[in-house]
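Go by the hints and put chain B onto chain A.
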Amino acid sequence: MDLRETWNELQQQSFEVNIIEDEGLENMIHQESSSPITKLRKGVFKKMMFILGFVILFLAVMPFLKVQIVQILLLVLTLAYVIGGIILWQEYKLLKRDLPMDGSLLEALKSYRNRIKTILRYEEAIGLFLYPISATMGFMWSFTDKHPVSEVFEKTFVWMTLVITLVVLTPLCHWLARWMNKKAFGKHLDQLEENIAILESV
Amino acid sequence: MDLSSQLLMDLAQASDTSAVKTSAKEQVFLRSISDHKGIIAKVVRLYVDHPEDQKDLFQEVVLQAWRSYERFAGNSKFSTWLYRVALNTVLTYRRKQTRSPEMQTTEGLEVPHNPRERSERSELLWMAIRELNQIDRLIIVLHLDGYPNEEIAEITGMSKNNAAVKLHRIKQGIVKKLGGDEK
Numbered sequence: 001m002d003l004r005e006t007w008n009e010l011q012q013q014s015f016e017v018n019i020i021e022d023e024g025l026e027n028m029i030h031q032e033s034s035s036p037i038t039k040l041r042k043g044v045f046k047k048m049m050f051i052l053g054f055v056i057l058f059l060a061v062m063p064f065l066k067v068q069i070v071q072i073l074l075l076v077l078t079l080a081y082v083i084g085g086i087i088l089w090q091e092y093k094l095l096k097r098d099l100p101m102d103g104s105l106l107e108a109l110k111s112y113r114n115r116i117k118t119i120l121r122y123e124e125a126i127g128l129f130l131y132p133i134s135a136t137m138g139f140m141w142s143f144t145d146k147h148p149v150s151e152v153f154e155k156t157f158v159w160m161t162l163v164i165t166l167v168v169l170t171p172l173c174h175w176l177a178r179w180m181n182k183k184a185f186g187k188h189l190d191q192l193e194e195n196i197a198i199l200e201s202v
Numbered sequence: 001m002d003l004s005s006q007l008l009m010d011l012a013q014a015s016d017t018s019a020v021k022t023s024a025k026e027q028v029f030l031r032s033i034s035d036h037k038g039i040i041a042k043v044v045r046l047y048v049d050h051p052e053d054q055k056d057l058f059q060e061v062v063l064q065a066w067r068s069y070e071r072f073a074g075n076s077k078f079s080t081w082l083y084r085v086a087l088n089t090v091l092t093y094r095r096k097q098t099r100s101p102e103m104q105t106t107e108g109l110e111v112p113h114n115p116r117e118r119s120e121r122s123e124l125l126w127m128a129i130r131e132l133n134q135i136d137r138l139i140i141v142l143h144l145d146g147y148p149n150e151e152i153a154e155i156t157g158m159s160k161n162n163a164a165v166k167l168h169r170i171k172q173g174i175v176k177k178l179g180g181d182e183k
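If you read the sequences in order, they're chains A and B.
Just so we're aligned, residue 1 is where the first sequence starts under the working numbering, counting upward by one.
Just so we're aligned, residue 1 is where the second sequence starts under the working numbering, counting upward by one.
Just to be clear, a hint being listed does not mean it is correct.
[To be verified] Simulated pairs of lysine-lysine, BS3-like, Cα-Cα distance not exceeding 25 Å:
1. A:LYS66 / A:LYS182
2. A:LYS66 / A:LYS117
3. B:LYS55 / A:LYS42
4. B:LYS177 / B:LYS42
5. A:LYS155 / A:LYS46
6. A:LYS96 / B:LYS25
7. A:LYS187 / A:LYS42
8. A:LYS182 / A:LYS117
9. A:LYS42 / A:LYS183
10. B:LYS55 / A:LYS187
11. B:LYS160 / A:LYS39
12. B:LYS42 / B:LYS160
The hints are simulated quantities; they were obtained by calculation from the structure and are not laboratory data.
Model, not experiment: these values are computed from the prediction.
Here chain A stands alone, though its shape is the one from the complex:
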């Protein structure tokens, strides 16, 4: 069988129909990409917006707090969010750079994947320190609303409840954060891994 002859025959039979008319080309260059890379970048952007939203919320709530220890805890939380937001912004700027689609992709894809994974890993790790702080803050805020701090913490029941809350909430929030990250980034990261594997096989 002459492969080239058969291929030419196949092209004449199958490839003569346009997928897109010329008029549509101009719109295409102004549209948004649907690649997993863009989806992952969007996910990071949404994270930044969440952080910004929380910082605004914390700052809005701060003037209404009367107890100093609650104010300090919220301040720590706000600072952590601000620093996290700045680091994420720096990462986002790097992720915004276009991939070399006309060059060697493998290293660029690997670096992209590693960057995203690092962001998620750090976020989950830092969360482990922040969940106890936010849980303690919420706990103290509700308990010290009507009673002074010293009085509240004289009771063993209060201490015990706080400890149990931390023991339950911290792993629960950690698991929830991991689940949400998997939901938002998982399938796009899997796709990226698949693409990297194909390139590595060349």
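Same frame as chain A, but now just chain B:
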């Protein structure tokens, strides 16, 4: 690059305002894409079956080519450059699970129904190509389109020797599947 594209390029270079430059560059790009859209269509059909997915992938290739166009210095042919962009776009494309193609194989001699009524041998060749992995598909298609090994290597990002060895193996595999001797 044809004469009108060259004129538009000259206009872009001579122009003072960046808006006109962008517009002229855009026109040059669109004209080049229009002239070479068969390449994109071929690559798209090579990897995706569903018409909607084909449109999506076609759009994505054009978009990625436009974003990379700044770096196209004309050192290689536009067609070679576009093939590379198209291949890279395919390799980073989001595969939709919901519209997976119906896999047809060369196992067994019964040729499935084809709306475009290809001949049996061209149908078998098409199926044999579609059974290859993503890179191998493009390698054999480029070869069948008459691209020399140097350009195949440039497009796929592998060495010339590697491309030649791979091509030889792919051709052997296809001919074996089709049950004939290669001419």
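- prompt: Is LYS155 (chain A) within 25 Å of LYS46 (chain A), Cα to Cα?
  reply: violated (42 Å)
query: Are LYS42 (chain A) and LYS183 (chain A) close enough, with their CA atoms no more than 25 Å apart?
result: Holds: LYS42 (chain A) and LYS183 (chain A) sit about 14 Å apart, inside 25 Å.
query: Are the Cα atoms of LYS96 (chain A) and LYS25 (chain B) separated by 25 Å or less?
result: Holds: LYS96 (chain A) and LYS25 (chain B) sit about 23 Å apart, inside 25 Å.
task: Decide if the proposed pair is consistent with the structure: LYS187 (chain A) and LYS42 (chain A), CA atoms, cutoff 25 Å inclusive.
output: Satisfied, since the Cα-Cα distance of roughly 14 Å is no more than 25 Å.
- prompt: Is the hinted pair LYS66 (chain A) and LYS117 (chain A) satisfied, with a Cα-Cα distance of at most 25 Å?
  reply: violated (40 Å)
task: Quickly compare the C-alpha distance for LYS42 (chain B) and LYS160 (chain B) to 25 Å and report which way the hint goes.
output: Holds, at about 23 Å.
- request: For the pair we were handed, LYS55 (chain B) and LYS42 (chain A), check the Cα-Cα distance against 25 Å.
  value: holds (23 Å)
Restraint check for LYS182 (chain A) with LYS117 (chain A), where alpha carbons must lie at most 25 Å apart: Holds, at roughly 11 Å.
query: Taking 25 Å as the top limit, are the C-alpha atoms of LYS66 (chain A) and LYS182 (chain A) close enough?
result: violated (38 Å)
task: Could you grab the alpha-carbon distance between LYS55 (chain B) and LYS187 (chain A) and see if it respects the 25 Å cut-off?
output: Cα-Cα ~22 Å, so holds.
task: Would you check the hint for LYS177 (chain B) and LYS42 (chain B), treating anything up to 25 Å between C-alpha atoms as holding?
output: With a Cα-Cα distance of about 22 Å, the restraint between LYS177 (chain B) and LYS42 (chain B) holds, given a limit of 25 Å.
- request: Mind checking the alpha carbons of LYS160 (chain B) and LYS39 (chain A) for me, to see if they're no more than 25 Å apart?
  value: violated (35 Å)
In terms of the numbered hints stated before, the structure departs from hints 1, 2, 5 and 11, listed from lowest to highest.
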